[in-house]
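K.L.:
One line per chain: the protein sequences are A and B, in this order.
Heads up: the first sequence begins at 1471 in this note's numbering, then just goes up one per residue.
Heads up: the second sequence begins at 170 in this note's numbering, then just goes up one per residue.
It should be emphasised that the hints constitute simulated quantities derived from the structure, not laboratory data.
Model, not experiment: these values are computed from the prediction.
Errors might be hidden in some of the hints.
Claimed, not checked - When the alpha-carbon atoms are kept at most 30 Å apart in a straight line, the in silico DSBU-like pairs for lysine-lysine are as follows: (1) B:453 to A:1670; (2) A:1548 to B:314; (3) A:1786 to B:377.
To be verified - Listed below are several chain B residues computed to face chain A (Cβ distance under 10 Å; list not exhaustive): (4) 190; (5) 194; (6) 206; (7) 371; (8) 457.
Quick reminder that beta carbons are idealized off the backbone N, C-alpha and C, glycines included.
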Amino acid sequence: MKKKFLALAMMGIMAVTMMTGCGAVQTDSQVAASASDSTAEAVEAAAGKDFYTEDIKIAFLPNVIGDSCAAAWADGMKAYLDTFSNVTFDVYDGEASVDTEVQIMDELINQSYDAIILQATDAAGLAASVDKAEAAGIPVITCNLDADTTHTALVAGVDTEAGEAMANSIGESLGGEGKVVIISATPGATKGENIDAGFKAVLSEKYPNIEILDEQSGEWLTENANTVMNDFLTKYPEIDAVMCHNDAMAEGAAEAVKAAGRLEQVQIWGCDGESKMLDYIEEGLCTGTIYTNCQSQGASCAQMAVFAIESGITAKNLTSTPVVKMAPVIVTKDNLSDITEDMRW
Amino acid sequence: MRQENMRRIISVASLFLMMMVFGLTSSSFFSMNNMMSILRECSINGIIAIGVAFVIITAGIDLSTGAIVGFTSMMCANLLYYYQLPATLIFVIAIAIGTFCGVLNGYVVTRLRVPAFIATLSTQYLFRSLVFAFAIREGGVITNKKITDPGVLIMGGSIDGIYLVTIAFVVLAIVGQIILKKTKLGTYIYATGSNQKSAELSGINAGKVKWIVFIITGFLCGIAAIFEIGRIGSVTTDLGTGLEFEVIAAVVIGGCAFSGGRGDIFGTFIGAIFMAVLQNGILKYNLPTAAQLVIKGIVIVVMIIFDSVYNNIMQKRILQKARELDEAAQAEEVA
């Protein structure tokens, strides 16, 4: 009976591989390539759509919708796009999964959106989807997280630079000597890995006497970071600074340090610049953060989309992805007032 | 038998009803591209659902399927990146790894006698940790590499718009249905799920049957992983997370009961399509995410409540008939 099953299963596999072998099979990228060949004439003169009079649909697909960054981006986009009554703006949830994002990208292409703003959960994983959209004449603007293929634009926040900035600030204030712990993102998350890379590169280059005692994942979450920090505090009698890959984790770490009564000795750094973190800095619970104006980043994405729709420029007209970078702002208690109420998110 | 057909007609009808609702309210729903997308979306979950249906029919459960897909995919990415193995060898290895994971699940459940829920929950953690262990690293940092091997990528491809994964799903579903309905193993699976003790008393090695269904699930996870990496072209550490629940939902919507002994692959096939249509249709309304999840949850619950109510009624009807026959026989005896 097992043989029977095996035979049946093998038949199935053979049927599939035979069809694969016959050469008629096309991957999405090949389908996209042949589609863009047939529209080759359009390349010569990229013809856009009138953004200000025609019906326009723009979609935003962030990694995960429940995140304060994503909410601020969406706010920024909406605030800008809402001023045009002919524009529909929709937000979809990537559920922090490549698979979901790939599915939704297909969906957006089927619904023929005029532009897609995408925060690519995985650069390599979303590449084929982005190619497919661009080939269908839909400009894709990536927000913060790049896709590993040429597309209309990338509006990048800071990650590597944020790591470098934190390393410089910590290195300077400790006088180049001390002990640091890291509470990191979920393993494999691009943003976390980039912050880490930037941070460690500067430390090993400029401050070789600063020792990284330990590094544990807080999985982006306040509660987990709190647990991790408690563990660090009991394990290491001397900690001079904590570097967290986002603000939510820095807040969790701060509560742990406060409970242990060691706020005076430990610097706590986060990254993002959400309003709760700014409050923590004001109260002296945290030391600093790398602030990005997410609303303005969202608005930039929307404006790039308008530019692409109006001009008809897609990946066909480009050889590499143009990058618009947001400014990294190091915020500590000293310059906290520079971040005015309307800039907070 | 007639009752089974009736149940099938109802589930197909409810699927069509839902499709009509989406089709009438959205202009892009019935487009060719969208139909093919739906079939593509349901196929990976559907392939795994075939195995999970087997497991659930034996009154078991498998929570590790998502992690098996993740682990298998990561191993493929790892071997492709470090050793540049040819695609066919990668496929063989993927299926072998998936199958091995299934063997391990079966071993823990049948030999170590751990309840399937806990056993597969633990192996889920185990397989997920192996994903991290085998993740591709550069300078100690996990990086996701783009897979460039055309032989692997072709598995995400299509023939005249029909995706390979859909073809595989249909073929495997037919094979699964034949195994379940026409082979001795199928009969044993139903017997084990309906009443393990009486199955054992009638000479069926229930442990072995349970082990086999886990192996089949692992095997199918291996196949699903091949299509998954073919489609996405890279492997992240969270690939397959949460997949197990979508699969279980499809199986249960398809009419398999957690108590075992009931359901088939035809139902599971419809269940998988049902889930994909629901997901696809909801996206067309541009609702806020919270509302989308609520609708999804409600539809699934309603389907499952319907299934259990329908089965209760049918069960009662069967008992009623049996009683009537019994009474008639007794009356005859008296006469």
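K.L.:
Would you settle whether the hint for residue 206 of chain B is holds or violated, based on the nearest Cβ-Cβ distance to chain A being less than 10 Å?
P.N.:
holds, 5 Å
K.L.:
For the hint on residue 194 of chain B, just tell me whether its beta-carbon gets within less than 10 Å of chain A.
P.N.:
With Cβ-Cβ at 13 Å, over 10 Å, it is violated.
K.L.:
For the pair supplied as a hint, residue 453 of chain B and residue 1670 of chain A, confirm whether the alpha-carbon distance does not exceed 30 Å.
P.N.:
Violated - the C-alpha atoms of residue 1670 of chain A and residue 453 of chain B are around 45 Å apart, more than 30 Å.
K.L.:
Against chain A, with CB atoms and a cut of 10 Å, does the hint on residue 190 of chain B hold up?
P.N.:
violated, 17 Å
K.L.:
Within a Cα-Cα threshold of 30 Å, do residue 1548 of chain A and residue 314 of chain B meet the stated pairing?
P.N.:
Distance of about 34 Å is beyond 30 Å: violated.
K.L.:
Identify whether the interface hint at residue 371 of chain B stands, where standing means a beta carbon of chain A within less than 10 Å of its own.
P.N.:
Given a least distance of 17 Å, the restraint on residue 371 of chain B is violated.
K.L.:
Is the hint on residue 457 of chain B kept, meaning its closest Cβ partner in chain A is under 10 Å away?
P.N.:
holds, 8 Å
K.L.:
Check the hint pairing residue 1786 of chain A with residue 377 of chain B against an upper bound of 30 Å on the C-alpha distance.
P.N.:
Distance ~58 Å between residue 1786 of chain A and residue 377 of chain B Cα, so the pair is violated.
Checked against the numbered hints listed earlier, the structure breaks hints 1, 2, 3, 4, 5 and 7; every other hint is satisfied.
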